Amino acid sequence: MNIHEYQAKEMFREFGVNVLEGVHCKSVDEAIEAYDSLGSEIVAVKSQIHAGGRGKGILYDPDSGEEVMKGGVKIAFSREDVLEFSKNICGNKLVTKQTGPSGKIVTNMYVEAGCDIDHEFYLAILVDRDRKSVLVMASTEGGMDIEEVAEKTPEAIHKIWADPSSGLAVEDCESLSKSLGITGDSAKELTNMLGSLYRMFLERDCSMIEINPLVRTKDGIMIALDAKVSLDENANFRHPWREEVRDLSEEEDVEIRANDLGLSYVKLDGNIGCLVNGAGLAMASMDVIKLYGGEPANFLDIGGGATLESITAAFQIILEDENVEGILVNIFGGIIRCDMVARSVIEASKEIGLDVPLVVRFSGTNHEEGKAILDGSDISIHTVNSLSEGARKIVECIGGGN
Amino acid sequence: MAIWVDEDSKILIQGITGKQGTFHGTRMLRYNTNVVGGVTPGKGGQKIDLEGNEIPVFNTMSEAVSQTGADVSAIYVPARFAAGAIHEAAEAFNENGGGLIVCITEGIPTLDMIKAVDKVKQYDGVRLIGPNCPGIISPGIDGGCKVGIMPAFIHKKGRIGIVSKSGTLTYEAVAQTMSVDEGQTTCVGIGGDPVSGTGFIDCLEAFENDPETVAVVMIGEIGGSAEEDAAEWVKENMSKPVVGFVAGSTAPPGKRMGHAGAIISGGKGTASEKFVAFEKAGIYVARDPSEIGRVLVGALTDAGLRET
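The listed protein sequences derive, respectively, from chains A and B.
At position 321 of the first sequence the residue is numbered 546 (our numbering), and the sequence of numbers has no breaks.
At position 104 of the second sequence the residue is numbered 235 (our numbering), and the sequence of numbers has no breaks.
Honestly, I wouldn't trust all of these hints.
What the hints assert, rightly or not - When the alpha-carbon atoms are kept at most 25 Å apart in a straight line, the in silico PhoX-like pairs for lysine-lysine are as follows: (1) A:Lys281 / A:Lys322; (2) A:Lys515 / B:Lys366; (3) B:Lys399 / A:Lys281.
What the hints assert, rightly or not - Estimated spans, in silico, between C-beta atoms of each pair: (4) B:Asn340 / A:Pro326: 51 to 61 Å; (5) A:Asp600 / B:Phe284: 16 to 26 Å; (6) B:Phe284 / A:Gly518: 42 to 52 Å; (7) A:Asp600 / B:Gly398: 38 to 48 Å; (8) A:Gly624 / B:Lys150: 44 to 54 Å; (9) B:Asp273 / A:Arg463: 41 to 51 Å; (10) A:Gly392 / B:Ser197: 49 to 59 Å; (11) A:Ala394 / B:Gly385: 25 to 35 Å; (12) B:Lys150 / A:Glu469: 26 to 36 Å.
FYI, nobody ran anything at the bench for these hints, they're computed from the structure.
Please read these numbers as outputs of a predicted model, since none were measured by experiment.
Backbone N, C-alpha and C define an ideal beta-carbon position, used for all residues, glycine too.
Whenever a hint applies, use it, and build me the whole structure from the sequences.
So this is what it looks like as structure tokens:
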């Protein structure tokens with residue numbers, strides 16, 4: 226789960242991480258008010274969406290599709306600038322490298338005071354899967370994509386790791402400062418900041434904190450100029466406050482509904498729907514459809530606790546996607562019994578009037594009973610014995626493939 | 132022989148009186164798995180009837196291990212208590228000569244797992260498999276040792292080792308070995324979480340050292356670089372043939388595909404990179420899981436272990 230920059234910065238303030246004065250705004254009037262209250266001549270007017278690449282994004286009028294402004298983050302030198310920029314941002318569609326062509330309508334803005342920048346750094350705290358510990362990663366190349374830096378100038382990236390029981394060592398923080406060329410009071414500030422960020426990472430169950438750029442001002446002060454925070458959803462149970470910072474408009478409506486039903490669904494661009502049990506098998510089913518010349522329309526894992534209701538809902542969700550021309554059901558029964566799935570498939574197809582070709586592959590628990598139920602029903606279903614047979618069959622049914 | 136569990140293993144079930152613990156405990160016993168007890172705090176001293184067996188329930192792992200001599204524990208407790216259950220099991224096994232912890236639970240916070248894995252690492256004789264995995268099974272002559280939630284009946288004792296990040300894809304791999312008339316020594320589901328205990332390399336090493344295992348099927352998925360590291364290890368150390376598949380070639384970047392760890396981030400962790408690493412290491416690659424059986428036969432034939 227991601228949160229907005231303005232929410233992340235509120236969290237930073239709470240943990241004592243330096244940020245500039247800023248105000249969250251939802252309208253042009255609020256933006257002007259914010260400018261007046263900040264008392265800083267130069268301010269940044271920042272679009273608040275979860276995707277990155279805002280600065281280099283382009284704003285479009287959502288109705289006409291016409292370009293409105295280049296850049297979703299603008300530096301304003303006057304009250305008039307703030308008026309113009311906030312007008313161009315608020316309610317318009319921001320398309321960035323990460324949003325895809327459909328973009329995001331911006332309804333939240335952040336107006337932030339300016340500062341005199343001496344140098345921009347990159348800083349991130351995240352989970353290192355290989356070392357099984359929390360990693361602090363920093364680079365002297367602030368403002369750039371870290372992937373790009375990793376590729377072009379890997380020597381500019383410096384890393385330290387937290388010990389799972391004793392945490393971040395002060396000596397490691399100091400050596401990180403040294404590697405980044407940060408000295409004196411600025412180095413002390415960075416050590417303190419890392420301590421605060423690490424504490425926040427643990428207490429708020431983050432999965433990532435990214436600050437790009439982290440800046441040193443002309444006065445030597447270290448400030449988090451940007452803030453991107455992702456939270457570990459597995460820890461939601463101990464953080465009830467997350468309900469309040471969650472922005473549902475940033476999530477796919479259908480993915481939220483699927484999630485509420487115990488389904489895991491991700492929409493893709495193809496035309497063959499998939500209904501599978503297990504995440505790995507669901508991915509493999511998509512891969513094999515593609516291998517035999519088809520294009521998967523979705524990832525869908527019905528999970529180990531699927532019921533008649535959730536399977537019916539799964540079919541409905543798949544069919545909401547107008548591109549879907551056929552569906553492959555691939556079940557390897559373990560806890561889930563294939564006969565139960567077979568009955569659910571029949572019920573669901575009757576209830577929602579399933580009118581696209583359906584190919585079903587059963588294996589594992591009660592697969593013979595499941596196949597017999599489908600073969601004996603009066604609805605048109607192709608039953609197959611293996612995943613590759615199923616993938617080939619569904620591709621053939623919709624007249625695609627090679 | 133098999134790796135880590137066999138018919139002599141003595142199993143405890145943490146969370147035995149809960150719905151999951153009772154359900155899967157019953158199925159473990161049906162497979163003739165040697166379940167010697169269970170743990171549910173506050174229910175110590177009771178007996179629970181599973182398949183006509185009176186299984187003793189203990190309050191703590193320490194009591195359970197010292198009184199039953201168990202060397203394996205299966206964890207079926209809810210996510211918020213699961214990391215605590217791992218800590219308790221690790222301490223209890225450490226005090227009693229070591230043991231294997233198999234954590235089935237899905238949805239444990241990552242930071243809890245970092246602490247739990249660190250704890251287990253401090254104890255030489257203690258191993259953790261999982262979390263968020265189907266468990267481990269070593270088929271025997273009459274039933275076998277099943278520590279987890281996999282359907283037992285699809286397995287048969289044999290000479291192939293299987294290791295996988297995914298549950299149902301492990302079953303698919305098992306079915307594929309069976310389709311070419313090969314059975315399994317041990318099948319290990321290592322789970323799809325970003326931070327977990329036993330990894331691919333631990334399993335490969337154990338299979339390499341297991342005299343009964345002649346070949347290994349390894350199933351990976353997108354996210355992280357465990358598959359690449361495993362491929363490197365295979366190249367340097369493995370004398371037995373390995374057949375590999377990676378799920379997620381069609382997964383879009385930046386989207387979590389069901390498993391917490393299955394995500395391509397910053398262009399890293401893609402299936403194509405992993406397939407390339409497999410090929411470079413001389414691993415026999417199946418691009419379609421339905422082909423694993425056929426590829427395995429080829430690998431066994433090349434190694435002079437099978438006619439066709």
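Outcome of the hint check:
1. Proximity of Lys281 (chain A) to Lys322 (chain A) is assessed by CA-CA distance (about 8 Å); at most 25 Å being required, the pair is judged to hold.
2. With a C-alpha separation of about 30 Å, the suggested pair Lys515 (chain A) and Lys366 (chain B) falls outside the 25 Å cut-off, and the hint is violated.
3. The straight-line distance between the Cα atoms of Lys399 (chain B) and Lys281 (chain A) is roughly 23 Å, inside the 25 Å bound, and the hint therefore holds.
4. Taking 51 to 61 Å as the suggested C-beta distance range, the pair Asn340 (chain B) and Pro326 (chain A) conforms, at roughly 53 Å.
5. Separation of Asp600 (chain A) from Phe284 (chain B) is about 22 Å and conforms to the stated range, judged on CB atoms against 16 to 26 Å.
6. The beta-carbon spacing between Phe284 (chain B) and Gly518 (chain A), approximately 35 Å, falls outside the hinted interval of 42 to 52 Å.
7. The supplied range of 38 to 48 Å is met by Asp600 (chain A) and Gly398 (chain B), whose beta-carbon atoms lie about 45 Å from each other.
8. Under the hint 44 to 54 Å, the C-beta atoms of Gly624 (chain A) and Lys150 (chain B), about 46 Å apart, fit the expected range.
9. Take Asp273 (chain B) and Arg463 (chain A): their Cβ atoms lie about 45 Å apart, and the range 41 to 51 Å holds.
10. Under the hint 49 to 59 Å, the C-beta atoms of Gly392 (chain A) and Ser197 (chain B), about 34 Å apart, miss the expected range.
11. Checked against the hint of 25 to 35 Å, the pair Ala394 (chain A) and Gly385 (chain B) passes, with Cβ atoms roughly 32 Å apart.
12. A C-beta distance of roughly 32 Å is found between Lys150 (chain B) and Glu469 (chain A), which places it inside the suggested range of 26 to 36 Å.
Of the numbered hints listed earlier, those contradicted by the structure are 2, 6, 10.
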